[in-house]
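Asks: What follows is the residue order along each chain.
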Amino acid sequence: NAGVMQNPRHLVRRRGQEARLRCSPMKGHSHVYWYRQLPEEGLKFMVYLQKENIIDESGMPKERFSAEFPKEGPSILRIQQVVRGDSAAYFCASSLDSLYGYTFGSGTRLTVV
Amino acid sequence: SQQGEEDPQALSIQEGENATMNCSYKTSINNLQWYRQNSGRGLVHLILIRSNEREKHSGRLRVTLDTSKKSSSLLITASRAADTASYFCATDAGAGGTSYGKLTFGQGTILTVHP
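Sequence order for the protein chains is G and D. Counting in the working numbering, the first sequence runs from 1 upward without gaps. Counting in the working numbering, the second sequence runs from 1001 upward without gaps.
These are computed hints drawn from the structure, not numbers from a lab. Quick caveat, the model's predicted, so the values are computed rather than measured. Some hints could be false.
[To be verified] Calculated cross-link-like contacts (lysine-lysine; reagent style DSS-like; alpha-carbon spacing at most 25 Å):
| hint | chain 1 | residue 1 | chain 2 | residue 2 |
| --- | --- | --- | --- | --- |
| 1 | D | Lys-1069 | G | Lys-62 |
| 2 | D | Lys-1026 | G | Lys-44 |
| 3 | G | Lys-51 | G | Lys-71 |
| 4 | D | Lys-1069 | D | Lys-1026 |
| 5 | D | Lys-1070 | G | Lys-44 |
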């Protein structure tokens, strides 16, 4: 079991470009969560998805950010028209159920230049 | 203050000593979890303690939970240089009384263990 796989590990985008971050959950996990970690801070919840459904997107910025978890394939976090303030580490986690905690990926470090 | 605040912000000890980190939170929770993060890496789940539990052990880790004080502590005994990392507590407040997966993290404690 390869764990939660995120790619790319590092992503550099110029202001105004789009960033696409991918997350493949652990085998058998159907719950996916995205978190953002700004420098020197803890993780902040962004969105919780199950297959083809957004369950809770209360942590997502209202504009430019979207997430999906299609029936087939990885979960995608999409950031349109990136700005310097979007520079952060974005982590994905998956779970089978919450009794055993969550498995986090290694994150994607987005740098906007 | 935020949900899931750790104390101290930074802790520096010698190998072999014990390290204690504290976490306070504000709302009712279903469970509280501790994670470790090595510099520039992802999070590793260490231990989960449910709201009806008071203490839990896993190897050199001991976690306590006091729901009346809304606080938890993580004790690492006989620390090693390899324990150097940031440690985060995270609370799962749940939805409808069941665990939900929406974790609220504190800002972490940076632990440095000197050889």
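Asks: Which hints from the list above does the structure break, by number from lowest to highest?
Replies: Result: hint 1 breaks, nothing else.
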